[in-house]
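**Student:** Going by my numbering, 63 is the number at position 65 of the sequence shown; the sequence numbering is gapless.
It cannot be assumed that every hint is accurate.
Claimed, not checked - Computed cross-link-like contacts, DSSO-like style, restricted to lysine-lysine with a CA-CA straight-line distance of at most 27 Å: (1) Lys83 with Lys10; (2) Lys148 with Lys83; (3) Lys83 with Lys154; (4) Lys21 with Lys10; (5) Lys152 with Lys102; (6) Lys10 with Lys25; (7) Lys102 with Lys148.
Calculated from the structure, these hints are not laboratory results.
Quick caveat, the model's predicted, so the values are computed rather than measured.
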Amino acid sequence: QLRIAFLEHSLKLANQSATLVRKSMIKQQAQLDDLQRRLTFYRGIVTPTETGAALRIAGLQVLPDGSERQYRVQIVLVRGDEHSKSPLRGTCSVTVSGERAGRKERLSLGSVSPDTPDPLQFTLRYFANLSGALRLPAGFVPHHVDVSVKVQGKGKISASYSWPAFRG
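Could you build the full structure based on these sequences and the hints that come with them?
**Tutor:** Here it is in structure tokens:
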């Protein structure tokens, strides 16, 4: 009986240890996934584009800002060429496309965020982090976020992201 009790206790300890190891592995996998996502984002910032474009949109986030129907927009612009001696200047326009009362609608950043300049102005040498707030009107259902960037003397780039927008 003593031997059986000892073996049962050993089995119980082994099961508890296995449970702790499993929980630790799950936590470490979540941390690894987060670090991998960040690495991919930062790799995109430091790696020049193959096309040699002057600028690219490296990240976009539209995240809830605490209040109902209010969001924070963050856009990361990265220099795509290798000529970083002179800064690039330009503007960035943001439009939210969706539906209200069964009709398609496009809302500019200025119409949904009176406190945020529209378009956003930027000057960058390597990268820029642009941000603004937007408050969607009642009854508006967002579908896409469109970003359009004009660089003085270099042209224009555009991108469209599905709602909710998170890239980077």
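**Student:** Would you list, in rising numerical order, the hints stated earlier that this structure does not obey?
**Tutor:** Per hint list: 1 and 5 violated.
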